[in-house]
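Trainee: Fit chain to chain and form the complex, with the hints in mind.
Line by line, the protein sequences are chains A and B.
So that you can map any letter, position 54 of the first sequence is 54 in the working numbering, and since no number is skipped, the others follow by simple counting.
So that you can map any letter, position 79 of the second sequence is 79 in the working numbering, and since no number is skipped, the others follow by simple counting.
Just so you know, the hints here were simulated from the structure itself, not pulled from any lab data.
Incorrect hints may appear among the rest.
[As the list claims (entries may be wrong)] Straight-line C-alpha distance at most 30 Å; calculated DSBU-like pairs for lysine-lysine:
no. : chain 1 : residue 1 : chain 2 : residue 2
1   : A       : K161      : B       : K2
2   : B       : K11       : B       : K113
3   : B       : K113      : A       : K62
4   : A       : K149      : A       : K94
5   : A       : K149      : A       : K173
6   : A       : K27       : B       : K2
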Amino acid sequence: MLKLKGVSECFYPETIEEAVKLLKEGKDSARIIGGGLHIAAFPNPLIRRLIFLNNLHLNYVKENEGRVAIGATTTISELINSGAINYYNGYSIKKVLQSIATELLRNQITIGGSVAQNEPYSDIVTLLAAIRARVLISSGDRESEIPLKEFYAGNFRETLKHSIIKEIVLEKKGEDFRFGMERFVKNATEIPLLNMGILVQLSGDTVKDATIVTGARPGEAEFFTEGEEYLKGRQLSEKNIEIFADFVEENINVDTDIRLSKEYRAHIAGVFAKRILTSFLREV
Amino acid sequence: MKAHFTINGEKKEFEFSEGEVLLDLLRRNGYTEVKGNCYLGTCGACTVLIGGIPRASCVTLAAQVVGQEILTVKGIGSIKHPHPIQKAFAEKGAVQCGFCTPGAVLTAYALLKNNPSPTVEDIKIALDGNLCRCTGYIQQIEAIKYAIELIKGGK
Ligand SMILES: Cc1cc2nc3c(=O)[nH]c(=O)nc-3n(C[C@H](O)[C@H](O)[C@H](O)COP(=O)(O)OP(=O)(O)OC[C@H]3O[C@@H](n4cnc5c(N)ncnc54)[C@H](O)[C@@H]3O)c2cc1C
Ligand code: FES
Ligand code: FES
Numbered sequence: 001m002l003k004l005k006g007v008s009e010c011f012y013p014e015t016i017e018e019a020v021k022l023l024k025e026g027k028d029s030a031r032i033i034g035g036g037l038h039i040a041a042f043p044n045p046l047i048r049r050l051i052f053l054n055n056l057h058l059n060y061v062k063e064n065e066g067r068v069a070i071g072a073t074t075t076i077s078e079l080i081n082s083g084a085i086n087y088y089n090g091y092s093i094k095k096v097l098q099s100i101a102t103e104l105l106r107n108q109i110t111i112g113g114s115v116a117q118n119e120p121y122s123d124i125v126t127l128l129a130a131i132r133a134r135v136l137i138s139s140g141d142r143e144s145e146i147p148l149k150e151f152y153a154g155n156f157r158e159t160l161k162h163s164i165i166k167e168i169v170l171e172k173k174g175e176d177f178r179f180g181m182e183r184f185v186k187n188a189t190e191i192p193l194l195n196m197g198i199l200v201q202l203s204g205d206t207v208k209d210a211t212i213v214t215g216a217r218p219g220e221a222e223f224f225t226e227g228e229e230y231l232k233g234r235q236l237s238e239k240n241i242e243i244f245a246d247f248v249e250e251n252i253n254v255d256t257d258i259r260l261s262k263e264y265r266a267h268i269a270g271v272f273a274k275r276i277l278t279s280f281l282r283e284v
Numbered sequence: 001m002k003a004h005f006t007i008n009g010e011k012k013e014f015e016f017s018e019g020e021v022l023l024d025l026l027r028r029n030g031y032t033e034v035k036g037n038c039y040l041g042t043c044g045a046c047t048v049l050i051g052g053i054p055r056a057s058c059v060t061l062a063a064q065v066v067g068q069e070i071l072t073v074k075g076i077g078s079i080k081h082p083h084p085i086q087k088a089f090a091e092k093g094a095v096q097c098g099f100c101t102p103g104a105v106l107t108a109y110a111l112l113k114n115n116p117s118p119t120v121e122d123i124k125i126a127l128d129g130n131l132c133r134c135t136g137y138i139q140q141i142e143a144i145k146y147a148i149e150l151i152k153g154g155k
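One chain only, chain B, in its complex shape (with noise of 0.2 Å):
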């Protein structure tokens, strides 16, 4: 089937199969920023906002959203001009493998829309879908209060 989608404020028409999920639909047309890995829904890694609200694409199926306005990773900044959350999580060692970033930083980013002032259990109830081996979490939680700092700073 054929459909369009808005990714990253771009109206786009892809050609997809019936049963396909987002994740592979967003992958094989270069959205590799998104990345995969459970395919269950339990690690967050492929998360992606859609509508705002953070999904994960590996269990989503595209013709379930399509005419949807979706959100990657890229949609948010670039390594030029990045978001002050990308910021924060470089800044604050809430990286090292990178695998889960993407999709942290998706979903602190849709948090702080809907919440500019969350508390810390706020932050942690928010990303708990978002499975991170490497950092322990407590860089990341760290990285969005400091990102909150940043943006109320207007930096």
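Just chain A, with the same shape it has in the complex (with noise of 0.2 Å):
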């Protein structure tokens, strides 16, 4: 069964630059491959030319100064395996990575390609909008980095036809910063059917700043703005906890689709956000 039929071109760039001139040149039938789990498994017979990065070297994550470069072709297993993320404002982003898909997959998913997909259900956007990571774009000759934020609030397709994503970069927080992620699957192999990250900067037991991001809503990954607000200048505490559970229930923008109703996904979404913020009055 050939699965991708138009393709009829195979590149090996040395570099960024060549990458970048080869995806041009090839328009919408080009692509940059990653792991290529998402061009093999959902094959698009418009594709004629692949572009692959094996032989740019972006397989690496760096530690430098409290700031953590991951190369867009790492893998979320080599992620794993680096110490770099072992704990990362105190919470495990290794025991969250591990969690995500099969062993297999996580052998090839990478990090970069991840980004570029923004795939609805991903796992890894939630993690690194809510952790805020910053993405390193480069087009060879011009590099920039943008939070991760700024990039998916622009028209990032457009960007990644004529750039490609270079490194991810995590800015480690001080001692007064707390992080959790939660993910709802009914097993290994299914893809979440809703996910959850929060980051809060506390002062003594109040919030004084919080990132919130929910993904697989089932809509792409999104900032819960309304909830980061309301969590600012609030004592962390058990009753609160309880009142901001509620308020997530009420007002997540989650939705409806063939494998969960919108209420069940709200209300998942209410036992996260108690979850997590429980899990940091254990901390604080």
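Mentor: Here is the structure:
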């Protein structure tokens, strides 16, 4: 069964500049290949040109002065096995990454491919957006590093027609930050039915700042701005967390799809918010 | 296109289509020990090791892994000289219909190469992408634990 029937050209560029040139030349029928999972699992007959990043040496996780730089072709498994992200703001990102999909897929899914694809159910996007990751875009001769939030707010699909994702950058946060993430799946090979990541900055036991991201809503990951505003200035107490869980259930922007109803998703979102914030309480 | 791969230790050249997945290339060239089922990356029947790492060959483009070392289940042992993991799977009832077995054995092989003394949790995480409709997994986990003993005992 030939999966990608239209493909007639494969390229292995040695530089980002060359990769971008090939991408631009190929227009809508060219694709950069990260892990190739999305491309191979959901074949698009219009794709003619594949541009492999194998020779660009973008498989790395580098830690330097509070910054963790993750090369675009780093797989989830490689990220898990790098010591750099074991604990991030006191929270084990490794645990979240290990719960994504299966070992076989974690060995293939790349961080750059996940960010570029921005799959509606992506756990990687929810995780990275919630911890305020930044993305380094390169066209070879020009590079720019912007927050993921800004990247998705703009027309990122257009941007990726003339540049590639080179790196994802995490900035280590201070002791006053807490992070947690939850995802709801029926089994390991299922895509998530809902996920949520929450980062808060505390001043004593009061929330100074918060980032809340929900994915698999079933739409693309989204910042829950009302929730972020609601939390600011509030004390993190059991009672307030209960009230906030109800607020989330009532206000979160989720919907119905074939797999789950809007009401069920909203309820789970409330439960997730309560679970994550309660886990912070234990550390306050 | 034409390219070289090293399969089970032998360097070979194959002609294949630019959009072809590794599973199809392998089966077309006689490596039928690699099974195909879901073609979506969700069952693990098509597992091979690429550079020692378990990968679903049904969603791996052949063009992406040119020049790399590929291992199928026949590359780790034979009926006459089985690898301890193959022996353990047979002895511990971890094989029923056998469709998942090549993939599960290879995943176990990669696990034990990297971590010769895995916990049961480590085994479960490693095998989470290799679905088995028959055994209920308990026998597979027992087989891997037994294989560890066999390997440590030099058998
Ligand atoms: C069965 C299955 C289960 C899954 N389960 C989960 C899950 O539980 N959680 C989860 O988060 N995700 C899951 N995924 C989704 C997976 O994360 C995405 O498909 C992801 O895009 C795969 O990454 P990749 O590196 O293989 O991407 P690719 O297929 O290589 O690329 C995806 C897109 O990104 C572009 N691209 C790739 N790299 C770059 C780059 N460096 N710069 C610019 N553009 C680039 C490609 O051109 C393509 O358009 C699942 C996918 C499948 C098939
Ligand atoms: S056939 Fe490849 S994972 Fe199912
Ligand atoms: S032995 Fe039949 S699927 Fe595993």
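Trainee: Are the hints correct? Go through all of them and say.
Mentor: Right, here's what the structure says about each hint:
1. K161(A) / K2(B): Distance of about 29 Å is within 30 Å: holds.
2. K11(B) / K113(B): Roughly 22 Å separates the two Cα atoms, so the pair holds.
3. K113(B) / K62(A): holds (26 Å)
4. K149(A) / K94(A): holds (22 Å)
5. K149(A) / K173(A): holds (17 Å)
6. K27(A) / K2(B): Cα-Cα ~25 Å, so holds.
In terms of the numbered hints stated before, the structure departs from none.
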